[in-house]
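J.: Here is how the chains run, residue by residue.
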Amino acid sequence: ETGVTQSPTHLIKTRGQQVTLRCSSQSGHNTVSWYQQALGQGPQFIFQYYREEENGRGNFPPRFSGLQFPNYSSELNVNALELDDSALYLCASSPAGGAYEQYFGPGTRLTVT
Amino acid sequence: AQSVAQPEDQVNVAEGNPLTVKCTYSVSGNPYLFWYVQYPNRGLQFLLKYITGDNLVKGSYGFEAEFNKSQTSFHLKKPSALVSDSALYFCAVRDIRGSWGKLQFGAGTQVVVTP
Chain A
1 ETGVTQSPTH
11 LIKTRGQQVT
21 LRCSSQSGHN
31 TVSWYQQALG
41 QGPQFIFQYY
51 REEENGRGNF
61 PPRFSGLQFP
71 NYSSELNVNA
81 LELDDSALYL
91 CASSPAGGAY
101 EQYFGPGTRL
111 TVT
Chain B
1 AQSVAQPEDQ
11 VNVAEGNPLT
21 VKCTYSVSGN
31 PYLFWYVQYP
41 NRGLQFLLKY
51 ITGDNLVKGS
61 YGFEAEFNKS
71 QTSFHLKKPS
81 ALVSDSALYF
91 CAVRDIRGSW
101 GKLQFGAGTQ
111 VVVTP
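In the order they appear, the protein sequences are chains A and B. So the first sequence is residues 1 to 113, counted in the numbering used here. So the second sequence is residues 1 to 115, counted in the numbering used here.
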């Protein structure tokens, strides 16, 4: 059974640029959630995708957007990068439903300079 | 709205001693509660969850947690800590009436187990 994978591992971008992060969900999981974890803080929910549609969103501006593909993999896109976007971005997958735990990938470390 | 509080930034314990990591929560409805552990430069690993039923839940690596509805707490415990338990621990809550994807995490508690 393959776990959640994310790419790239590390990324350095300049303020104002755009970035795309990728996530492959665990086998059998049809729901993907994205989180932002700033240094020294707990993960903050960005949004969730289910059946290729956004199904819940946290307090993040529209420049944070995503996609889910038919194979349940997902992308997180961030436009007009700001310095405060520097963080560890975590992807998590699960079966549909609130009682299920989410399984996290290793994360993508984004640095905005 | 849902929220989680982990009142201790760091917990220090000697190897072999009991370990407790505290968590209190606030949700408008009934909660689903989770504990995760994070090692340096790694993602989060699931330890255990409370959904319904027995208030004492057992999880991975000898960890357990007790759900207390009246005190809105879900403290993580381990009877005998190991040096390898040193890591960052997160409590998380989900309101069963909310978006099932949204986990609200606490700020985390750093556990340091000394030999």
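Calculated from the structure, these hints are not laboratory results. All of these numbers come straight from a predicted model, not from anything done at the bench. Any given hint could be a false lead.
As the list claims (entries may be wrong) - Cβ-to-Cβ under 10 Å is the rule here; a few derived chain B residues that face chain A:
| id | residue |
| --- | --- |
| 1 | V4 |
| 2 | P7 |
| 3 | F34 |
| 4 | N41 |
| 5 | L44 |
| 6 | L48 |
| 7 | T52 |
| 8 | N55 |
| 9 | Y61 |
| 10 | S73 |
| 11 | R94 |
| 12 | K102 |
| 13 | A107 |
What the hints assert, rightly or not - Per label pair, the in silico range of CB-to-CB distance:
| id | chain 1 | residue 1 | chain 2 | residue 2 | range |
| --- | --- | --- | --- | --- | --- |
| 14 | A | F60 | B | Q45 | 21 to 29 Å |
| 15 | B | G16 | A | G16 | 32 to 40 Å |
| 16 | A | N77 | B | N41 | 32 to 40 Å |
| 17 | B | S60 | A | E54 | 30 to 38 Å |
| 18 | B | S80 | A | E54 | 42 to 50 Å |
| 19 | A | D84 | B | S60 | 30 to 38 Å |
| 20 | A | S65 | B | Q71 | 23 to 31 Å |
The beta-carbon is built from N, C-alpha and C at its ideal position, and this holds for glycine as well.
J.: Hints first: check each against the structure and report whether it holds.
T.: Against the structure, the hints:
{"no.": "1", "hint": "V4", "result": "8 Å, holds"}
{"no.": "2", "hint": "P7", "result": "14 Å, violated"}
{"no.": "3", "hint": "F34", "result": "6 Å, holds"}
{"no.": "4", "hint": "N41", "result": "8 Å, holds"}
{"no.": "5", "hint": "L44", "result": "4 Å, holds"}
{"no.": "6", "hint": "L48", "result": "9 Å, holds"}
{"no.": "7", "hint": "T52", "result": "8 Å, holds"}
{"no.": "8", "hint": "N55", "result": "16 Å, violated"}
{"no.": "9", "hint": "Y61", "result": "15 Å, violated"}
{"no.": "10", "hint": "S73", "result": "17 Å, violated"}
{"no.": "11", "hint": "R94", "result": "6 Å, holds"}
{"no.": "12", "hint": "K102", "result": "5 Å, holds"}
{"no.": "13", "hint": "A107", "result": "5 Å, holds"}
{"no.": "14", "hint": "A/F60 - B/Q45: 21 to 29 Å", "result": "25 Å, holds"}
{"no.": "15", "hint": "B/G16 - A/G16: 32 to 40 Å", "result": "53 Å, violated"}
{"no.": "16", "hint": "A/N77 - B/N41: 32 to 40 Å", "result": "24 Å, violated"}
{"no.": "17", "hint": "B/S60 - A/E54: 30 to 38 Å", "result": "31 Å, holds"}
{"no.": "18", "hint": "B/S80 - A/E54: 42 to 50 Å", "result": "44 Å, holds"}
{"no.": "19", "hint": "A/D84 - B/S60: 30 to 38 Å", "result": "34 Å, holds"}
{"no.": "20", "hint": "A/S65 - B/Q71: 23 to 31 Å", "result": "40 Å, violated"}
Of the numbered hints listed earlier, those contradicted by the structure are 2, 8, 9, 10, 15, 16 and 20.
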